[in-house]
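Colleague: Fit chain to chain and form the complex, with the hints in mind.
Respectively, the protein sequence lines represent chains P and D.
Mapping of the first sequence onto the working numbering: position 22 corresponds to residue 22, and the numbering continues sequentially without gaps.
Mapping of the second sequence onto the working numbering: position 483 corresponds to residue 483, and the numbering continues sequentially without gaps.
What the hints contain is simulated information worked out from the structure, not anything from laboratory work.
On a predicted model such as this, the values are computed, not experimentally measured, just so you know.
Incorrect hints may have been included.
FRET-style restraints, in silico, Cβ to Cβ [as the list claims (entries may be wrong)]: (1) D:W209 / P:I2: 17 to 27 Å; (2) D:W209 / P:Y20: 49 to 59 Å; (3) D:K25 / P:G74: 51 to 61 Å; (4) D:I411 / P:Y20: 49 to 59 Å; (5) D:F286 / P:R97: 19 to 29 Å.
Chain P is nowhere near these chain D residues, computed Cβ spacing over 12 Å in every case [stated by the list, open to error]: (6) A18; (7) V23; (8) F87; (9) E159; (10) V172; (11) Y211; (12) A275; (13) L422; (14) R432; (15) G472; (16) L486.
The beta-carbon is built from N, C-alpha and C at its ideal position, and this holds for glycine as well.
Residues per chain, in single letters:
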Amino acid sequence: MIPLNYYIACAVALYIIGMYCLASKRNMIKLVMGIEILVNAAHLSFIAFSAYRAVGYIDPLGHVVVIMSIGFAGCVTALALAIVTYAYKHYKTLDVRKLRRLKW
Amino acid sequence: MFTWPLDALLIFMVGTPAVGWLVHKNGYQKILGIYASASLLITAYFLYGLYKEAAEKGIILIVGQLPFSPPLGACLEIDMLSIFMAFLYIIIGLFATAYSIKFMESDSGLTEYYTLILGMIAGMIGIVFAGDFFTLFVFWELMCLTSYALVAFRKQKWEPIEAGFKYLVMSVAGSVTILLAMSFLYGMTGTLNFAALADGLTAATSEGWLYITLALVIVGFGVKAAIVPFHTWLPDAHSAAPSPISAMLSGVMVQTAVCALIRILLLVFNSAQPAWQMTLAVFAVFTMFGGNLMALLQNDLKRLLAFSTIAHLGYIIFGFATVSQDGLTAALFHTINHAIMKTLLFLCAGAFIRQTRTRDLRKLRGIGKTMPATVVFFSIGTIAIAAFPPLNGFWSEMMIISAGVRAEMIIFSTLTLANMALSVVYYFRLIRIIVLEEPTKVAKEAIRAPISMLIPLLILAFLCVFIGVYPGPFIGVSSKAAEAMLNIEAYIDSVLGGL
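Just chain D, same shape as in the assembly (with noise of 0.2 Å):
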């Protein structure tokens, strides 16, 4: 119906409760997770076959049933981008998945936990599938609906509850800009297809009308992905959650908001392109800035990291809004180092809470003499972030800035410059606190994570390395993705070519 691996996702997801029904006994628990993790396997391999048969077509198009095909009916588009991002959900989601099994062995609940984790990748890759803006809407839901539910999982604490509330709040208004936007776009053009809105509204409507929509698209996803003024959910929602859902909002999900944003203002705001531009380089700039300067101040490792993405989404909305080849291969291939780069460092920072049951770096001060293994990958992590040669986060952060340089954005491009100069402070900070202080009483009690904690660490830090010494492959799949956005005639063909 919606192709094989988001059915199959689908279908497993719909299936976790039967599985968890089965094994409710204790002890039986992690068999739960075992199942979550083969289902993103599976999936990952139906992808591929995808992949295959996008790779000879350009664009696979599936439509609902006959008599209602697009544009007056529902439909989904594929092409390189969409499958590029897939396969990112799915691997972040399969780490984090393996990770939640003993990270979250003592938590009760597990079986909502991990159908509530399949339904949030379904979303995500059900928005990057979308042909039109109703598909969009509906998985976007899905993900927003299961997030909201994730971070407010651990529901006996306050610091979930509130925090989940104020995200709930601030993304349902986001949600629903989007949805006047649909409107005022369906009420224009009569459609809601990506590719009839591309021809209908670069044909005849008032420029009044298309300014306030493109403003409510550009605030509506803005609020997911936090850019500066409403970022003011991230940070609490990013602390709250547990740690493999931070890894998950942070690297995948607040890129999936950029990606489908990005994608609709290449396509349905075509015509507008040098009003949007520059609103989302000046924007970029300001998430940067808030993000750096607000991750300077803070105490708690978690929240150190959400203020980190923050900045790094600054950067990624840079590279895109350079609407150049260059800069969207450099802002997808970012996309790519920062999912893992973040995945691993929340990931670590996991282990270290689940060791100590403090987030507070004062606290924390000397872990690396207790767990030295979670400490090297952390570090790795943190050197890769803070964009040091060998590692995969500089060949992307570099890619950004020759992309905004030969895009003449220099203003744009020195003050990224300047931001990542400014990040390297507090990146530096955790080393020297984690790795160099001496150790206090909670990091001298701590003890070692266990070995099945450390696997998906190993792996990721392995892929820091890996992509930094090896990125040209990485590379080339992101310049495919890129091209693939930009073949805008190629998208629109593939829909009204037909009529």
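Next comes chain P alone, as it looks inside the complex (with noise of 0.2 Å):
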């Protein structure tokens, strides 16, 4: 079995990955991808302590928290896009750097 280290590395990684394309990236689709992979850096700790938890048993309670929060996921995700529709209709761009009216 591999592990559960390379599990914590592996969800650590994505989520600098993660933050670093909130910070970097322009696109605002990509933003909101970057978003998809936080949230999916913290289901894989989750589901890799659920798993270690005893060896020959899984513990409901990390899947519990995970099958919630793919949900909320979904929402937030359809939300922001919602908002990047809108955002394009007004700037004609999905450049974040374009949507400077308001100071960052």
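Modeller: Here you go:
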């Protein structure tokens, strides 16, 4: 069996990739994808911990949290994409750096 | 299922579209606002019943189905702190919905608007009722999702869309940080129940992971609580949202995050208290300075009020960071006062905006000549928030400073006092611009605000004066809530005692 540490390292790496994506990407759709990467980092961490609680036994609590959280992530993505379409109507671009009328 | 008040609120929320469908003809839209206000009143009545039960028993524990009792299953734990915060949400929500009846009458999509408001209040009540991280996260997401939609509600303008997107991205990053911290806590102890976590974490965990998780929790909640390096969404979201929503966001939503953060730190991270206490105090000072210094530079009325919210969050976090009975009482009392004052100010700002179509202070000069009633209420709110003695802001701010001195955090108390003095500058600038100067063209053309918008303002202004003159009972309830917050053993016992 692969040791737990690898999964946790992978989750932390995904988290860092997601944060980097939010900080550096210009395209608004890519920002939404960055959010998804972030959420999946936390999910992976949960699933790994629930599988390694005891040998031959999977803790349902971690799975319950992840299933609920997948639903929320779907809602957030839908809302974010709706906002992106409205932003596109106003600005005729998906470049988030053009949305600079407010001070970021 | 979730106790009566929360059930009632969720049912009313789901019922709003049906009412909206029945009254969808023009002219009957007001019924929706009346429906939302009435449902909040009914919820307040149910909450009063819960209050009597909690006063009798101390802590009410609501568990799910029996085989999944805590610490395995989800649960709600309701103590005086939860009841205290829930009452505050419902009262501020009531003012916001009652004010919206007139304020939002020319907007479309009112059905969605009231559904989202009720959902947001239900989410906030759920957060303070939650007894484990899972329940907290579910209601947290309910609050977050509804608030994103409400900030971007006027989608035909560019500003709410831009502010909404910025708010969404930053806030989701915060929520996910909380989720990652939750997963680490779960990995260390195998449970998500607050009481069981408090027990499990103090026993034996590696120091390194404990501090990493602590940092993730502070950052995650800090984004929503607008602690200064993570505050940049707040001024945009507060100024772009419709005014009743700004009042809700600034008056109660950010305080929910602070309250949840402190509850988790006190309960779960009790063993690392010296570490987070200093961190919070330092962040609090940064938050005050950031808010006050930026507020000095603003020319936009709602942006100025939003930065003043950040400064006041700094005071509240400092009160909590003392971790003493006095400090917590002061911080909770300031939470009530700040909610009332900031709601009053944002709703007055909404009245100015509705009559003049501008938020620019340079164009709002001298509006006191044409809208006298609103300006009187606005001045009362401003004087109260600038902490002048006969009004409510004075008592709580002085209590925070004296609690800081008694907790031997004299440097931080001095900095807080300096900040309060600094903030007087821009509050008086506001009064001077709005009351004393010669009216501009825009201000001359303004007409008086309608009476149904003035009534909530009148009640809020009265509350400012009333709490200032007669603070005793309000300090009393804050002190009970603070006691419940500090009584960690009773909280843990109520869950694990039966095992």
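Colleague: Now, for every hint given, state plainly whether the structure supports it.
Modeller: Hints and how they fare:
The hint said 17 to 27 Å for the Cβ distance between W209 (chain D) and I2 (chain P), and at roughly 20 Å that hint holds. Taking 49 to 59 Å as the suggested C-beta distance range, the pair W209 (chain D) and Y20 (chain P) does not conform, at roughly 23 Å. In this structure, K25 (chain D) and G74 (chain P) break the distance hint of 51 to 61 Å, their C-beta atoms being roughly 34 Å apart. Taking 49 to 59 Å as the suggested C-beta distance range, the pair I411 (chain D) and Y20 (chain P) does not conform, at roughly 37 Å.
Between F286 (chain D) and R97 (chain P) the beta carbon distance is about 27 Å. The supplied range of 19 to 29 Å therefore holds. Non-interface status of A18 (chain D) relative to chain P is upheld: no Cβ of that chain comes within 12 Å, the nearest being about 22 Å off. Every CB of chain P lies more than 12 Å from the CB of V23 (chain D), the least distance being 25 Å, so the non-interface label holds. Residue-level check passed: F87 (chain D) sits 28 Å from the nearest beta carbon of chain P, beyond 12 Å.
Its beta-carbon lying about 7 Å from the closest one in chain P, E159 (chain D) breaks the requirement of being farther than 12 Å from that chain. Taking the minimum C-beta to C-beta distance to chain P, about 5 Å, the non-interface status of V172 (chain D) is violated against the 12 Å cut. For Y211 (chain D), the condition that its CB be more than 12 Å from all CB atoms of chain P holds, with the nearest at approximately 15 Å. The non-interface label for A275 (chain D) is consistent with chain P: the shortest C-beta to C-beta separation is roughly 21 Å, beyond 12 Å.
Chain P leaves L422 (chain D) outside its interface by the beta-carbon criterion, the shortest separation being 22 Å against a cut-off of 12 Å. With a least beta-carbon separation of about 25 Å from chain P, R432 (chain D) lies farther than 12 Å from that chain, consistent with its non-interface assignment. Interface exclusion of G472 (chain D) from chain P stands, the closest Cβ pair being 43 Å apart, more than 12 Å. Once the 12 Å rule is applied to beta carbons, L486 (chain D) is consistent with being away from chain P; the minimum gap is 29 Å.
Of the hints listed earlier, those the structure fails to meet are numbers 2, 3, 4, 9 and 10, in rising order.
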